[in-house]
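J.: One-letter residues, chain by chain:
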Amino acid sequence: MADPILRLERLSKHFGALRVTNELSLDVERGEVHAIIGPNGAGKTTLISQISGALAPDHGSIVFDGRDVTGLSMAQRARAGLARSFQITTILPNFTVLDNVALAVQARQGHSFRFVRAVNRDRSLTDAAAAHLETVGLLERAGTRAGSLSHGEKRSLELAIALATRPKLLLLDEPMAGTGREETERLVAVLKRLASDYTMILVEHDMDAVFALADRISVLVYGEVIATGAPEAIRENQKVRQAYLGEEA
Amino acid sequence: MRAAMPMVDDPHRTSEVRHPVSMTLFAVQLLNGLQLGVLLFLIAAGLTLVFGVMDFVNLAHGVQYMVGAYLAVVFTTLVGNFFMALVLAMSAALLIGLLLEVTIYRRLYDRDHLDQVLATFGVILFLNELARVLFGPSPLTVPVPEALSGAVLLMNGLLYPVYRIALIVAGLAVAVGLWLLVTQTRIGMLVRAGATNARMVSALGVNIRQLFMIVFGFGVMLAGFAGFTAAPILSVEPGMGDSLLILAFVVIVIGGIGSIRGAFFAALIVGLVDTLGRTFMTDIFKLFLSPSAATDVGPAVASMLIYILMAAVLFFRPTGLFPAKGS
Amino acid sequence: MAKTASPATPSTAPRPSRILEGTWIPLVVFAILAVMPAVSVALDDSFLTLFVIRVMIFAIAAVSLDLILGYGALISFGHAAFLGIGAYGIGILSAEGTDEGLIAVPVALVAAGLFALVTGAISLKTRGVYFIMITLAFAQMAYYTTTSLSAYGGDDGLTIWSRTEFLGHAILDDRTTFYYVTFACLLGAYLLCRMIVASRFGRVLTGAKQSEVRLQAVGIDPYGYRLVAYVISAMLCALAGVLLANQTEFVSPAYMGWHRSGDLIVMVVLGGMGTLHGAIIGAAAYLVLEEVLQDFTEHWRLIFGPILVLVVLFGHGGIVRLLSILSGGRNRG
Chain F
1 MADPILRLER LSKHFGALRV TNELSLDVER GEVHAIIGPN GAGKTTLISQ
51 ISGALAPDHG SIVFDGRDVT GLSMAQRARA GLARSFQITT ILPNFTVLDN
101 VALAVQARQG HSFRFVRAVN RDRSLTDAAA AHLETVGLLE RAGTRAGSLS
151 HGEKRSLELA IALATRPKLL LLDEPMAGTG REETERLVAV LKRLASDYTM
201 ILVEHDMDAV FALADRISVL VYGEVIATGA PEAIRENQKV RQAYLGEEA
Chain B
1 MRAAMPMVDD PHRTSEVRHP VSMTLFAVQL LNGLQLGVLL FLIAAGLTLV
51 FGVMDFVNLA HGVQYMVGAY LAVVFTTLVG NFFMALVLAM SAALLIGLLL
101 EVTIYRRLYD RDHLDQVLAT FGVILFLNEL ARVLFGPSPL TVPVPEALSG
151 AVLLMNGLLY PVYRIALIVA GLAVAVGLWL LVTQTRIGML VRAGATNARM
201 VSALGVNIRQ LFMIVFGFGV MLAGFAGFTA APILSVEPGM GDSLLILAFV
251 VIVIGGIGSI RGAFFAALIV GLVDTLGRTF MTDIFKLFLS PSAATDVGPA
301 VASMLIYILM AAVLFFRPTG LFPAKGS
Chain D
1 MAKTASPATP STAPRPSRIL EGTWIPLVVF AILAVMPAVS VALDDSFLTL
51 FVIRVMIFAI AAVSLDLILG YGALISFGHA AFLGIGAYGI GILSAEGTDE
101 GLIAVPVALV AAGLFALVTG AISLKTRGVY FIMITLAFAQ MAYYTTTSLS
151 AYGGDDGLTI WSRTEFLGHA ILDDRTTFYY VTFACLLGAY LLCRMIVASR
201 FGRVLTGAKQ SEVRLQAVGI DPYGYRLVAY VISAMLCALA GVLLANQTEF
251 VSPAYMGWHR SGDLIVMVVL GGMGTLHGAI IGAAAYLVLE EVLQDFTEHW
301 RLIFGPILVL VVLFGHGGIV RLLSILSGGR NRG
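Protein chains in written order, with the numbering used here: chain F, 1 to 249; chain B, 1 to 327; chain D, 1 to 333.
If we strip away everything but chain F, and leave its shape as in the complex, we get:
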């Protein structure tokens, strides 16, 4: 357990009297796909938001890549290598698909106080962006206005944008939410390919996808991790079956 990419220590967040994250500690190892599952209202999105920096925890600490990032903003964490996809699609609807990704490439290349050169003639941006689109299978839609993509395509675009920041850790908040069967299978295949190159935290409801992708699974119930382990161990875990899987069966 030496040198995890992400270490959460006694993270807590309250909304009024409601404890959505309760003294939560968790390590994510380098190279693994770590799935976080749990029933609705378990606090998964709140947790992702605290890791990405959209929400500040009440107390506890977040150590990313050996550095305490608890006090950093979302943008600062993104620059440090923490990329996030959103449960509710968050893209730039009036940009083309390619430009959405190119903006992320641009952010990765350093500050954007560059006023002279036109972005759409900058091959260092467009080529890299095109490569990421190819990875998620969206290259042929490069010139389309992002707002007019189908829901499934938007999910893929989110992924491409996250990849373009060349993250050390990918936070995927329900990447399959609302996508059809076929689209889900395609996304799982894409993520499976990416799993060898990226460390990921995957929050997902689709259990088939989770068990297909995850190296380890943590089960979140009422803001607490009740179990962490390999997929098989989680499947067999009695506590988990009661709290979570039991409800589904």
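Any given hint might turn out to be false.
[Unchecked claim] Covered stretches of chain D (chain F as the covering partner; in silico rule of three or more C-beta atoms under 8 Å from a C-beta of chain F):
1) 191-200
2) 213-220
[Claimed, not checked] Beyond 12 Å from chain D on every Cβ pair, some chain F residues (computed):
3) Phe15
4) Ala17
5) Asn40
6) Arg67
7) Ala104
8) Glu182
9) Lys192
10) Tyr222
Keep in mind the hints are simulated off the structure, nothing from the lab. Being a predicted model, the structure only gives us computed values, none of them experimental. Quick reminder that beta carbons are idealized off the backbone N, C-alpha and C, glycines included.
Following the hints, position chains B and D against chain F.
T.: For chains B and D alone, coordinates are given in the frame of chain F:
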């Protein structure tokens, strides 16, 4: 010119303040500041509620103040009795406000802020010009009502006009009434809830359109009341609401959008700081500058004071002193 | 507008027809402006040149506003302050005996830039309605400050006795030269803004307008970019102020009045927001409308106010969109 300053006819203001600051002068300016604060509150209260509940930027709110003042001119001339005129003018102000709401504003609630700003800007241009056409460009006056004329001796050497005292009392009474209305009644509860979360209120099955109209009508009446009651001590002229509107913005920014309590305290602070600053800033600068430099710098700094205050509040509390919206 | 690029080359280069569609309007606009002095001579109408200079001056201010309003969605209701600061920069320096443009113009622009830096740093911390009110309030602060500048005319304003000179040459005294100097400033401002919106910086600005969270998530904090855009916009607007002071040979607090700020927004929206050339057309349309209505009645605002309301309620996209519809082009996204 700064039509908003209610102390234009104050002998202490026009006479150059050369003698040492006296207790009487300070007390007079304190009262003047209080009175400006109360006036600002009446305008800012309606504005902040309309912002808070409807998310509607109504630049033309200041024009409603002007409308109130002109209605004072019209109705005091027509009926003679000040208080009768007040009742009639309030009804007319409400009618004019609702007419604008039904014909124009209603179509703007769903639009973005830019559209709201532009359309209400158009309304301002129109009504200011209409006032100019109907009443001429020169300032008009309204006599102080007989019952409230004269002055009283408040303390040794401090003679203060009864009417101004009445204004302060009336303003404070309205503030208390408004506070009771907002905190103690069902409508008030809905308004407060609306300022915090408009979608929730409409989810509760409340007729949000109707609520909007009530809030809007209330705001219009308050602004009209402010204009009417200010008419006897100010000159009534086209565009008189514009500078007050911006002061009301400053009040709202300092107090926090949607907060009646914030509007109240911020209005008093702005009224006092502005009035006292204008009176004493030059003297304060004379303490460490040459008299001529102080007379150059003093007024300039005095006119910047409330904006500096606003900037400072924003810097430390970006959502104002009493934010109504949950973060 | 679903158009598919060929799978092999994901090029964002616009198609030829699209290039033409985007460019013909500004080309026509600048071509007309370029020949206006000759037209004015041919018609023997000296007022025309003066009027078009005025149009171009306000066009510079409107273009500068469009940079932050149209591309950054920052509703600045205090832009006239920068116009006024530019004008007062010239006026005050002239009153102090400095008419040299190589000193006065930079001083005026930097003064506006500094004011924008300080007020922008505070107002850009806020959003929406707050931003509108705060920019308005800061402009009003500048307004009242100038009214109390008794050494420089206060309320009454300040007459400028000699126009700005360049290396001792009073080139602005010649009307045609003044015209082409203004023309060059407008063209320069327009091209500068065009370049900025097409750059990396511009992409951040337009991206932040669509989703601030998205930018944060890829590691960009829009605040600094918005602030720089605000300062650039302010300095360009101050350039318009410099020219305005020289044309009218007079500066007064009225230049900073909040109605003036409102007028600038009207120009941008009337012409077509977020196009830059729309701002030029909007400025021209506004001033022509003002001129025509004023001929009709001195109470022209009585007509203009309702027109404005109607334009907001029913006209979307301004004159530029109208033009591109009339010319058979497609609507801009």
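J.: Which hint numbers does the structure go against, in order from smallest to largest?
T.: 7
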